[in-house]
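S.K.: The task is simple: from the sequences and hints, build the whole structure.
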Amino acid sequence: MNWTFGIKLAMGFAISVLTVLVIGVSGHRVTAELIENDHWVAHTEEVKRTLVLFLSSLKDIETGQRGFLLTGDDQFLEPYRAGLGDVERLLNDARRLTADNEAQQRRVVELGPVVDERLASLARHIEQRRSQGLEAMLKPGVLSEGKQHMDKIRRIVAEMDQAESSLLAERSQRAQQSAATAQTTIVWGSLLGTLLVVIAGVVLSRSLTSQIGVAVRHIQTSSAELQAAANQQATGAKEQATAMSEVTTTISELLATSRQIAESARRVADIASQTASQARTGDGTVIRGTEAVAAIKRQVDAIVSNMLELGKKSQQIGAVLDIVSELAEQTNILAINATIEAAGAGESGRRFGVVADEIRKLADRVGGSTKEIRGLIDDVRAAVNTTVMTTETGSKAVDAGSDQFGQVASAFRQISLQVGTATEAAKEIELSTKQQATAVEQVNVAITNVAQASKESEVSTGQTLRTASELATLSRDLLKLVEAQRSNGASRSAAN
Amino acid sequence: MRQAERNLSRVASELRTGFDAAFAKALAPERPPELDLLQIRVAEHDYALRLSQVLAVHADRKLVPVPGPRPELLGLFGVRGVVAPVYDLRLLLGYQAATPPRFVAQVRAPAPFAVAFELFERHLRVPESAVTLGGSSVDGAHSFAPGSVNSTSGPLPLIDLLAIFVAVTSKSRRDDAPEREERP
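Sequence lines, in order, name chains U and H. The opening residue of the first sequence carries number 1 in my numbering; numbering runs sequentially from there. The opening residue of the second sequence carries number 1 in my numbering; numbering runs sequentially from there.
Ranges between beta-carbon positions, derived for each pair:
1) H:119 <-> U:393: 34 to 40 Å
2) H:71 <-> U:379: 37 to 43 Å
3) U:389 <-> H:119: 31 to 37 Å
4) U:392 <-> H:102: 36 to 42 Å
5) U:393 <-> H:15: 37 to 43 Å
6) H:152 <-> U:327: 23 to 29 Å
7) H:15 <-> U:288: 52 to 58 Å
Computed footprint of chain U on chain H, listed as stretches where at least three residues anywhere in the stretch have a Cβ under 8 Å from a Cβ of chain U:
8) 46 to 54
9) 117 to 130
Far from chain U, some chain H residues (derived; all Cβ distances over 10 Å):
10) 63
11) 73
12) 81
13) 98
14) 112
15) 162
16) 165
17) 169
No wet-lab data here; the hints were simulated from the structure. C-beta: ideal position from N, C-alpha, C; glycine also.
M.R.: Have a look at this one:
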C-alpha cells in the first residue's frame, strides 16, 4: 500500500490511541466498579462504626445516670446529657445509612421504641433520685428495670452488626474481585497495547525508515548538489559583486568623464562662438589687410623704382668717381714727374719740388680716398642691387601675399561658416553629453542598486551556502541515524 | 655706411687741412739723406723703382708696335720730342704677360729707354739706410733686382733700371752685330 507518512503515522497513532482508549475505558470501568465496591465497604464500615458508637453512647448515658444515682451529683450527668444527643443523632445516622437495606430498616424501626423506653426509664430514675433520694433507687427491681431494654437493644444492634458484617464480607469480596479484575485489565491491556504499539512502531519504523532513507539520500544528494550550486553561486555572486564594484567605479569615472566632456564641450561651444565672432572680425581685418598689402605693393613698387634710380645714380657716381680717380692718378703722376723735373732743376727746383711733393701727396691721398669711395660705391651698388632684388622678391612676395590674403579672406569666410557649424555641433555635443551624463548618472544609480543587490545576493548566497552545508550535514547525520536504525533492526531480525 | 661716411669726412678734412698747411708750412730743414722710390706691381708682385732712375711716368700712353724678334719690346712711344723703345718689365723679369701694361716709366739712361708695367701703386720716401744692396732673399728677387728696401708694407725688391738698360742694350748690340757683318 502506497500510504503517505501522515496516513502511516495517523494509523500508527490511531492504533496506539485506540489501544489506550480501550485500556483506559476498561480500566475506568473496572476502577469505577472497584471504587463502588470500596464505597460500599466503607459504607458498611461506617454503619458498623455508627452502631458501635450508638451502643457506646447508650453506655455513657447509663454510666452517667448510675453515677448520679449513686452520688446525686449533677456532675455525673454530663455524659448522660451528651449521650442523649449522640444517641438520637447516631440512630438517625443508622436509619439514613441503612436506607437501602429493608432488613436493617426494620431493625432500626424496632430499635427506636426500645431506645425511647430505655431513655425514659433512665430519665425517670434520675427524677426519682432527685426527689426520693438514693434509698428509693436501692429498692429491688428499680435498677434492673432497664436491663431488659438494654439486652434487647444489644440484640438488635448485634443483629444489625451481624448483617453489616455479612454485607462487609460480601462487599469486600466483590471489591477484591474488582481490584483483581482491574489489575488484570490494566496489566493485560497494557501488554496488549504495548504489543500493538510495538508492532505499529516496527511497521512504521520499517516503512518510514525505508522511505525516509530514500528521501534522505535524495536530500543528501540534493543538498550536496545544492551546496555545490550554492558554492558556485557564492563564487559567482562574489565575482559579480566585485565586477559590479568595478563597474560602479568605472561608471563613476565615466560619469566624471562625461561631466568633463560636457564642460569641455561647453567651453568649446563658447570658444567656437568667440572664434566665429573673431573670424568675422578677422574677415574684416583680412580685407583691410588686403588693402594694406595693396598699398604696400604700391610702396614696394615705388621703392623698387627709387632703388633702380639709386642704382643708376650710383653708376653715375661711379663714373664720376672713375674720372676723379683717373684725375687723382694723373695728378699723382704729374706730381711725380714734377718732382723728377724739380730734382733735375737743381737747387732752383727744390722749392718747386716741395710743392710738387705736396701735390703728389695730396693726389696720392685723393687716390686712396677715391679707392675707398670706389669701395663704398661698390658696396652701395651691391646693396642697391641686393635691395632691388630683395625688393623685387618682396614685391613678388607682396603679390603672392595679396593673393594669399584673398585666399585667407575666402578661407576666413569659410572658417566663419565652418566655425558657425562647429559651434552648432559643439552645442549639440554639449547637449548630448549632458543627456549622456544624466543617463550615466541614472545608470550609475541603477548600477549602485545592482551592486547593492549583488552584495546582498552575495550575503544571501553565503547564507544559502551555509544553509546548504548545514543541510548536507543534517542529511548525513539523518542518514547515519536511519542507517543505524536499519542496521539495528536488521540485527534484531537476524537475532530473532 | 655711417662709419665709411665718417672716414670719408675725416679724410676730406685731413686733405683740406693738409692742403692748407702745405702753403703755410716752412721749408723743411736739412734732414738725413732720403731715397725716393716708386712702388709698382709687376705680374702680381710689388717692386720698387728708384725715382732717380726715372725721367717720367706716363699712363695710358699709346705705343706704336715695332715688329721684331724680341717679345719684350712692346713698341715705341714719343714724349716731348723723344722717341723711346718700351720694354715689358714682366717679360724682362721672367714673368708671363697676359694683358697689355698700362703704365710706362721713362728711364733716366744714356739713350731713350722705357719700361712698361701693370700698375703704379704709390710714391715712397725712405731713408737710404732702409736699402739693402745685393744678396736679397726677398720674394721676387732677380738679377735685375739685386737689392731690397724696407717699406711700411714690408720689404720690396729694388729694380735696377740702369742694369736693365745695359742688359737690353747689350743684347740688342749682340743681336745687331751678325746683321751688320752679313751686310756688305
